[in-house]
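Here the structure of chain P is known, so what remains is to put chain W in place on it, guided by the hints.
Listed below are the residues making up each chain.
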Amino acid sequence: MGVLVVKNLKKTFKKNSLLGLKKEKKKVLKGISFEVFEEIFGFIGPNGAGKTTTIKIIMDFVKADSGEVLIFGKRNSAISVKRNLGFLPERPYIYGSITGKEYLDFCADVYGIPYYERRKKFAELLELVNLTGVEEQPISSYSKGMVQRLLFASTLLNDPDLLILDEPMSGLDPVGRNMIASVMKMLKEKGKAVFYSSHIIQDVERLSDRVAIIVDGEIKLLDSVANIVQEFLRGYVITVRKRGSSSLEVFKAGVDELWQLLERLRSEGYEIISVEPDRLSLEEILVSYIHENRRAG
Amino acid sequence: MNPFPVAKITFRELLKEKSFLGLLILQVFLLFVSKVISNVVAGDTVKVAMDFALSFFFFTVALYAVFVSVGSTFRDLSEKVVYLILSKPLKRSDYVLGKFLGCTVAVALFTFLSFFIVTSGILIISSTANLYIPHVVVVERIFLLSLLVFLMGVFLSAFGILFAVLFTSQVLALISAIFLFLAGLELSPVKELVVSSKYVSPVNKLIVQIAYYLFPNFSLFDIKDYAVHLSIKVSPLFFALVFIYSLIYTSAVLFVATYLFDRREL
Numbered sequence: 001m002g003v004l005v006v007k008n009l010k011k012t013f014k015k016n017s018l019l020g021l022k023k024e025k026k027k028v029l030k031g032i033s034f035e036v037f038e039e040i041f042g043f044i045g046p047n048g049a050g051k052t053t054t055i056k057i058i059m060d061f062v063k064a065d066s067g068e069v070l071i072f073g074k075r076n077s078a079i080s081v082k083r084n085l086g087f088l089p090e091r092p093y094i095y096g097s098i099t100g101k102e103y104l105d106f107c108a109d110v111y112g113i114p115y116y117e118r119r120k121k122f123a124e125l126l127e128l129v130n131l132t133g134v135e136e137q138p139i140s141s142y143s144k145g146m147v148q149r150l151l152f153a154s155t156l157l158n159d160p161d162l163l164i165l166d167e168p169m170s171g172l173d174p175v176g177r178n179m180i181a182s183v184m185k186m187l188k189e190k191g192k193a194v195f196y197s198s199h200i201i202q203d204v205e206r207l208s209d210r211v212a213i214i215v216d217g218e219i220k221l222l223d224s225v226a227n228i229v230q231e232f233l234r235g236y237v238i239t240v241r242k243r244g245s246s247s248l249e250v251f252k253a254g255v256d257e258l259w260q261l262l263e264r265l266r267s268e269g270y271e272i273i274s275v276e277p278d279r280l281s282l283e284e285i286l287v288s289y290i291h292e293n294r295r296a297g
Numbered sequence: 001m002n003p004f005p006v007a008k009i010t011f012r013e014l015l016k017e018k019s020f021l022g023l024l025i026l027q028v029f030l031l032f033v034s035k036v037i038s039n040v041v042a043g044d045t046v047k048v049a050m051d052f053a054l055s056f057f058f059f060t061v062a063l064y065a066v067f068v069s070v071g072s073t074f075r076d077l078s079e080k081v082v083y084l085i086l087s088k089p090l091k092r093s094d095y096v097l098g099k100f101l102g103c104t105v106a107v108a109l110f111t112f113l114s115f116f117i118v119t120s121g122i123l124i125i126s127s128t129a130n131l132y133i134p135h136v137v138v139v140e141r142i143f144l145l146s147l148l149v150f151l152m153g154v155f156l157s158a159f160g161i162l163f164a165v166l167f168t169s170q171v172l173a174l175i176s177a178i179f180l181f182l183a184g185l186e187l188s189p190v191k192e193l194v195v196s197s198k199y200v201s202p203v204n205k206l207i208v209q210i211a212y213y214l215f216p217n218f219s220l221f222d223i224k225d226y227a228v229h230l231s232i233k234v235s236p237l238f239f240a241l242v243f244i245y246s247l248i249y250t251s252a253v254l255f256v257a258t259y260l261f262d263r264r265e266l
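Chains P and W, in that order, give the protein sequences. Per my numbering, residue 1 is the first one in the first sequence, and the count goes up by one each step. Per my numbering, residue 1 is the first one in the second sequence, and the count goes up by one each step.
Isolated chain W, as found in the complex:
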């Protein structure tokens, strides 16, 4: 296995893409939007601003992960860059894994820079408010959220590559990945609602439960409430389990992507 050359060139390519800088600038803009919204909404202005800023952070990283993985892989296939890559002593699995690793490093850098932007913004917002905020705790919690957001980005990148390999239309691949993400975010509350309801038939409950376990659960990565509300506690075991869950699921997705790519005529 030698996925590193593909990973390196993928990262280099993604780093120089306009979307990288563009979405980081968007993060700064969204921080201002969060501040403006917090001023017009009733309640703790810092918490409201944090809530919005972290939501924007969460979705921007998700979008970045989907766009780079689908876009980069799909372009390789449609523009026949794969011919140049696979004519060299590389296996198709090296390509898939290399693409994934390149996307992972790009998502890691994007998440880290976004974390820096969002945290700085929140600290500036909180320092201008006349409320006591334990800055160290806030930064620590946003950092833990960033770790999970990064894992989510990695997970989404794997799906992005799978869809780019699976579909012959880039738009379809992008829509599928975004739909999967949104469905995976909302599946947990839907399942809770359906299972606890008296009005839903056992068959429908079973279908929802099967879908719940089959679909990736992206709500696991969403710990914005933990970052915003300092009274909420999350055990270290939760982080460990989420890490194991994403590791296993991501490996399975990459395995399927490699299997399909191996059989695809280029």
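Looking at chain P on its own, in the form it has when it is part of the complex:
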């Protein structure tokens, strides 16, 4: 069984129409299911697809109409599961008047970390997110990226087995994004699970072991990145140079034609410079699902 199991989640939000005379219903989740194992699991979709609602339900901030969420085999409403869980919401905010250390102290108080262990732990985490030396300053003096990194560090204080991150890269510069990505990889190497949503598809493609694409409240695709790349492979682009010539030529081959073409080119005296897969990017796949959904809807 997965570390996080989501079974057939359905959620409808009621919205007051003009003048509040009639309540409109909007199906936000239409029965989504997936499992997260000890891996990096990317959750992508367009705005309003249901990513944040799914995360809110997983975190028990919002109740699903039906379905079930199990974390470490227990219902997500159980307080005990949160002892081994780290969570970073989208666009997080924390009181500007307190210092970074005071916030970390709050987290340590919740997890019951004794005072004599805190100094070392805080120092390690702050170093990890490159915030050493600013912990005594009020959070109001931090940049948006620094707040994000501080709160990300705080999610690691309890050494969680499952990390749930809602858009962890948003608002970060490339250095910050890289830092979060490397911590996520490090956690995976330690056998932890990371479930995160993101709209920065390049990051998801680069980082994730598996990906789920959610469009209009439905999971449209759930597979490993390697399989998706394979599935959406259109062919190969081969760059060659005729022996004795300085100009490059480009050939295209279908998925099953690669070896035949390479043999032929070699026999014709071409030098193979590079062979690159011609495939849809994750972003193109996502966009194609969105268009498909619009056409169907």
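No wet-lab data here; the hints were simulated from the structure. Since we're looking at a predicted model, the values are computed, not measured. Any given hint could be a false lead.
[What the hints assert, rightly or not] To give a feel for the contact side, a few chain W residues facing chain P, derived at Cβ under 10 Å:
id, residue
1, 6
2, 17
3, 35
4, 80
5, 83
6, 84
7, 85
8, 88
9, 89
10, 90
11, 135
12, 137
Even for Gly, the Cβ is constructed at its ideal location relative to N, Cα and C.
Here is chain W on its own, set in the frame of chain P:
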């Protein structure tokens, strides 16, 4: 139950808020205002100054309690700080209780500092007047008033948290809490007037009586007259009953706030 981490961070946050220092400075300013008013009003200048200074003290603590409880809780909900808090092994009841305890400690500190400012001011005013004032008795009476003002602040904090959880508009939550406070202050004299009147119908008398028992009675905490007029006596039983009343009512309000917060989608 583990409300203490939330209580601690709430207190830390409230202590560093500008409103804390701002309202304390206002207390000092209002002391000067009291002194100025006492000079232009006929009567015992020290008593007039005390009357005004203690009234300002009473209302400033009430305002502080309402603003911090509504403001802090509402900000947590609107800015989604609750996501960071409730993603940790804490129950929603821990959050409500922690918020309340944090506000309570902040109100306690604010009341104590206000007591110190107001008492010092009154003693300075009285020492400059050519009237005999038993300072020890005055300080003791202002201290007893401060205890009740603190209880009122705690009581109002519970209501502030309830309204912040109940309403989706901060302005509405603040107005409701202030309205409730003002209504609770005036309910007792209104009830006395209505019940003793020959011109009010029995149905209206019943409605007023029901409202009297249903609404929180904030006039119970208002013993300014006792602090100002040394001839007035209040029995220790009164203080005990007010304490029990606020304890029970505050617990009930917090229970309702927790019940509503448990069911609220965040």
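field: Hints that the structure is at odds with (numbers, increasing)
entry: Numbers 3, 11, 12 - these are the hints that the structure violates, sorted from lowest upward.
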